[in-house]
Amino acid sequence: MKLLHVTLRSMNVTDSAATANGFAIRAERVSRSYKMGETLIRAVNEISLDVGTGEFLALLGASGSGKSTLLNLIAGLDRPSSGSILALGRDLAAMSSQELASHRNRTIGIVFQSFQLLPRMTLEENVELPLRLAEVPRGERPARVQEALERVGLAARTRHRPTELSGGEQQRGAIARALVNQPMILLADEPTGNLDSKTGEEIMSLIAGIHRPASGPGRTIVMVTHERALAERYADRIVTLSDGSISREERLR
Amino acid sequence: MKLGDLTELAARNLREAVLRNSLTTLGISVGVASLVALLSLGVGLQQLVDRSVARAGLFDTVSVRSRQSAPFGQPGGGRRNPRDAAELAPPRPLDDAARKEIAALPNVLEVNPEVRFTAEARREPISQLVMVSGMATSSQSSGTLDGLSGHFFSSPDAEETIVQGDLAKRLVDDGQAPNSLLGQQITLRFAQRQALPPPSQQATSEAPNQAVGPDEEAMGFSIVPSEKKFLVVGVTPTSDSGGGPVGFNNSGMYLPLAVAEKLQVVQQGDLRDVSRPTPSQGMRYAALNIRASSPTAVAAIEASVTHMGFAAFSLIDVTRNLRTFFAIFDMFLGIFGSLALAVASLGIINTLVMAILERRREIGVLKALGAADRDVRRLFFAEAGVMGLVGGVFGVLLGWVIGRAIQLATMIYLKRQGVNPPNIWSVPWWLVLGAIVFAVVVSLVSGIYPASRAAQLDPVEALRYE
Chain P
1 MKLLHVTLRS
11 MNVTDSAATA
21 NGFAIRAERV
31 SRSYKMGETL
41 IRAVNEISLD
51 VGTGEFLALL
61 GASGSGKSTL
71 LNLIAGLDRP
81 SSGSILALGR
91 DLAAMSSQEL
101 ASHRNRTIGI
111 VFQSFQLLPR
121 MTLEENVELP
131 LRLAEVPRGE
141 RPARVQEALE
151 RVGLAARTRH
161 RPTELSGGEQ
171 QRGAIARALV
181 NQPMILLADE
191 PTGNLDSKTG
201 EEIMSLIAGI
211 HRPASGPGRT
221 IVMVTHERAL
231 AERYADRIVT
241 LSDGSISREE
251 RLR
Chain Z
1 MKLGDLTELA
11 ARNLREAVLR
21 NSLTTLGISV
31 GVASLVALLS
41 LGVGLQQLVD
51 RSVARAGLFD
61 TVSVRSRQSA
71 PFGQPGGGRR
81 NPRDAAELAP
91 PRPLDDAARK
101 EIAALPNVLE
111 VNPEVRFTAE
121 ARREPISQLV
131 MVSGMATSSQ
141 SSGTLDGLSG
151 HFFSSPDAEE
161 TIVQGDLAKR
171 LVDDGQAPNS
181 LLGQQITLRF
191 AQRQALPPPS
201 QQATSEAPNQ
211 AVGPDEEAMG
221 FSIVPSEKKF
231 LVVGVTPTSD
241 SGGGPVGFNN
251 SGMYLPLAVA
261 EKLQVVQQGD
271 LRDVSRPTPS
281 QGMRYAALNI
291 RASSPTAVAA
301 IEASVTHMGF
311 AAFSLIDVTR
321 NLRTFFAIFD
331 MFLGIFGSLA
341 LAVASLGIIN
351 TLVMAILERR
361 REIGVLKALG
371 AADRDVRRLF
381 FAEAGVMGLV
391 GGVFGVLLGW
401 VIGRAIQLAT
411 MIYLKRQGVN
421 PPNIWSVPWW
431 LVLGAIVFAV
441 VVSLVSGIYP
451 ASRAAQLDPV
461 EALRYE
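Residue numbers (my numbering), protein chains in the order written: chain P, 1 to 253; chain Z, 1 to 466.
Any given hint might turn out to be false.
[Claimed, not checked] Now the stretches of chain P that chain Z is said to cover, found in silico as 3 or more residues with beta-carbon under 8 Å:
no.	stretch
1	71 to 78
2	92 to 102
3	109 to 121
4	124 to 132
Treat the hints as calculated values from the structure; they're not laboratory data. Bear in mind the structure is a predicted one, so any value in this text is a computation, not a measurement. No residue lacks a Cβ here, since even glycine has one placed at the ideal position from N, Cα and C.
This is chain P alone, in the form it adopts within the complex (with noise of 0.2 Å):
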């Protein structure tokens, strides 16, 4: 197992003490292991990895590599069989369900290959979702709603159906939606996997921009991605996977 970027520390690591040092998500040999009949599969194999407060990292990796199992791990979406996870400080292994569930609503925010926007809503109903499971108030909603469109550029689109909206515009929209709760980290996983390159280059200078903005705070993003030109002209590092392990680290900037 290569360790990069990365220092092994004892498991007693205070949770203020892991944002003051600057890291906004510190996985510690994290495994993932799922069981089919009777062979054990090992997605993520001891993974150590810290990502620092404001970090643009990229992970790539062949299919079946464990790239998006670790994102589901940090997303929280998923417990690790062994190891820790800390984001913003505090352990996602010492969560009960309905903290991981206000953890993914609040802190992260995650954009998906296939958009996975409902169909049977209308965008803005869409970019709400976060906006009610959060339990803002009602009055509060399209205004948020409405800031969160205008960013990505579709405050002309709020009425339309996901399937009246083009590839390009739907992921903009799940941009939107991941973004309205104003979440320190940004999870993407393979978010131009589905788009022609012209688009996916749109997308990219999207998440850039959200990265570092022309004014306000930035956000830590973590994308996985299997294009090495995207990652390369848009990453701070990239983190390259196979088997489960960390094969490869190259800080960019």
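For this one, chain P is given, so just place chain Z on it according to the hints.
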């Protein structure tokens, strides 16, 4: 997620699969409708019986007879358990002293002698044997005269009569309404007691016999036919059952109690009193009717009177059994009605399980965006609850229509059979509310399994689902 958002999302989800959810909701409606229709008929029947019982004055009346008048070999009427006999006072004559003692009992409103006899009512050329009762002025407010046409007796001594509707039908000419009897005279022919003069005078005196009261029987009496005319001032409605007067104290004709007493009609028990005279104070009565202040006081009064040495009888036990019967009857109707709802609940489970399969990805997305297991569970519960509520409301309306249709069909059928149709259908507010609440509860219970299953979905798996 807040309740308002949950309900909104649930309603939206239900609207999306509108046909399937409508059919499921219709299933609930049919279940609730069958429940409401059956129970409304059960409640209607119970109310019909309650009305008849109340009209007959069964709930608040205790009838008292002298225990000594029951001959050996005949059940002791009112004595419920022979083992209690030892605790009872010895038999006493039912005289004025006893009447005063009974009237002093707690919760006794009034004590009236029972005057009840068989007579022939004649309105030329029609005549009819009829049971005649003396009616106390206080009975005016009891249920016996509900729906009376005409008016009550103008005075306690008026020679007037109130005729039961079914008897009135028989006494009027063919094709005339029972109420046409109002203002007409009816002649009553009855058996009157007339005192016999002392034996010493019987041989010498040619004087006619005098009518006597029951305290003069020591000298004996003769029974002679007598006639008197009465003006019909009131006609009661025909009975619901169409079969004439039912229940205790119901009669074909009512006379003012004082007038009926003065007629000196031979009463049941007169012959026994002559054959076995007992010392008594003042007037002797064949029976007394006690009116209690409320039906709940009847049992205590009955017990007190029995301990005083009289035979007491009320129909409170009969009515209690009747209520038990209807409670069980309604329960069975409810169970049969609920069967359809039970089938509908399977429909809800099926619909929601289908919804989980269809909305697997959506559940995954919701969880990825921050929905807790509890939110997903509550969302499916809300969907089940909304289906239950809508199904319950429509079901009550449908049940109302079905019950009404059954009532109309019954009325038409009974009218063709020549029977006055009773109202056998009632939808009380508690049935409406209860049916809706029951539908919601059944739906929520049906939602437990699908909701738990949806809540337990692994978001990673759900997001991968195509």
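For each hint, the structure was consulted:
Against chain Z, the stretch 71 to 78 of chain P contributes 4 residues with a C-beta closer than 8 Å to a partner C-beta. That satisfies the three-residue criterion, and the hint holds. Only residues whose C-beta sits within less than 8 Å of a C-beta in chain Z count toward coverage, and the stretch 92 to 102 of chain P has 4 of them, enough to reach three; the restraint holds. Beta-carbon proximity to chain Z at under 8 Å applies to 6 residues in the stretch 109 to 121 of chain P; the threshold of 3 is reached and the given coverage holds. Counting residues of the stretch 124 to 132 of chain P whose CB lies closer than 8 Å to any CB of chain Z gives 3, which reaches the minimum of 3, so the coverage claim holds.
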